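J.: The listed protein sequences derive, respectively, from chains A and B. Under the numbering used here, the very last position in the first sequence is 133; numbers go up by exactly one each time. Under the numbering used here, the very last position in the second sequence is 390; numbers go up by exactly one each time.
One thing to keep in mind: the hints can contain errors.
List time: in silico BS3-like cross-link candidates among lysine-lysine, alpha-carbon distance up to 27 Å [stated by the list, open to error]: (1) B:Lys-161 - B:Lys-226; (2) B:Lys-161 - A:Lys-104; (3) B:Lys-4 - B:Lys-361; (4) B:Lys-278 - A:Lys-58; (5) B:Lys-278 - B:Lys-47; (6) B:Lys-161 - A:Lys-102; (7) A:Lys-31 - B:Lys-47; (8) A:Lys-46 - A:Lys-20; (9) B:Lys-196 - B:Lys-278; (10) A:Lys-14 - A:Lys-131; (11) B:Lys-4 - B:Lys-161; (12) A:Lys-56 - B:Lys-161; (13) B:Lys-265 - A:Lys-131; (14) B:Lys-16 - B:Lys-4; (15) B:Lys-232 - B:Lys-46; (16) A:Lys-58 - A:Lys-46; (17) A:Lys-131 - A:Lys-104; (18) B:Lys-278 - B:Lys-2.
Keep in mind that the hints were calculated from the coordinates and are not lab data. Predicted model only: the values in this text are computed from it and were never measured.
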Amino acid sequence: MGEQLPFTMEQFYKYISQGKLMGGKCKKCGKVHLPPRPLCDNCLSKEFEWTEILEKGKLLTYTIIHVAPPQFREMVPYAVGIVQLENGLKIPGMIINVEHEKIKIGMELTLQFDTSTVQSQWPQWPRYHFKPV
Amino acid sequence: MKGKPLVSIVSAGLSKFGKLEGMYVREIFAEAVKEAFNRCPNLDPKKDIKALFVGHMGESYEHQGHTGATVADWAGLLHIPATRTETACASSGAALRAGIFAVLSGLCDVVMVGGVEKMTHRTTPEVTEFLAMASDFPFEQWHGITFPGLYALMATAHMHKYGTTEEQLAMVAVKNHHNGFLNPKAHMQREVTLEKALSSRVIAWPLKLYDCSLITDGASCLIITKPEIAKKYTDTPIHIIGSGQASDSIGIYERESLTSLIAAKIAAKQAYEMADVKIEDIDIAEVHDCFTIAEIIAYEDLGFCTLGEGGHLMESGETQLEGRLPVNTSGGLKSKGHPVGATGTAQAYEIYLQLTEQADKRQVKDLKTGLAHNVGGSGATATVHIFRRE
């Protein structure tokens, strides 16, 4: 499925807008890249295939942002963290639907896709968030 | 060349750090240059200086790029090759490396390296946005992670893994403010109590206002030469005997560790090996305390203590001005200030002052070997330099 699509951030976010978390799997060494890359950082292969990644993971670390740049200022305070997914993959994102005092390292989180239209001129990317399982 | 001087610093200059209202980047850089020229009467700048490398991170602040040529002209060095280096907050650490390469190549006997940034005329949200450009856009900035937020993620992980406390973080601020209080060029020359630091407003939990370095204007420069000719210019050259630089993934989420900066570890290993010194030989250090947690992680990455012991090392008092290994005698980025492009060579300037016994009230006695640790962004670049007096 979709092998011909470019292994770019742009395509990664197109998949997010379709409700899919997709990584680029190296056909030579098997390493999965999230986000995808044009060159495998392990074996320098240029051959990849798209692979769907399980949307569940564990919280590795987090912070509560109180001072934010203009585009996020209305949301403060908000929580962001880095989540460990399968295969040792890690991605950052906002953590929603939970009281900040209840956020704990190691808690299980799952992805929620925010496919609402993005207003910014560039990039036209959707966002995803993490929420408790 | 193990343990041998790579280059020698024959002069150095630093502008006042702070809110330099009404001054432009090129004018601030000229302030640092004036001091460097004054210190070195045997130097004929127009004749002797063969190249300039200047660290500068953000053209957004003044709508002014092309910094190399601009500051060279204002330094009275029109027509010399002048190049800007940009590695975020390590921009002038990288300028120093570029200068070392230029001298070691044999092409240039005398080189000026330095850095500059003008930030305080912008609003805090604007500065926050400009600084964030040194982090990953598609995953970090896009999901609302600010620059303090990145170091907060490291702090939370460090606290969880090693039991580091918010008090230990605040102690870094108290120590560096004490040192900065003694530095007439520091931005914020005042003491801070532990209580005040701990009760300051939250920026990105667990980091509070007093865990963050300052938004500052300033410039720094060094004049470096081939070691063989250094005595022509000064009786007290300071030799650079080790230099390391490394990079890492731009996104901290891609890195193997959230509690250590691998680039800094690699750069430190390169510098120690080149200098042929042991960690115990380091008498004084300037480390990149952009946030208090960064100083604690720096202790570990540089081998001043084992992994996870950074908080305890802070608590032990050994890194205070009168301790076994004083760290950030200048006040660090926390109190002296952090004009990002200027920081790397400003750290080298402090080591130069200390090793030549010109640090006045904050002078540390019996120094031989110093170290400077400069980090770009959240750790995707690091440079480490080791300095020795004769």
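J.: Taking the numbered hints from earlier one at a time, note which ones the structure violates and give those numbers from smallest to largest.
T.: 1, 3, 4, 5, 7, 9, 11, 13, 14 and 16
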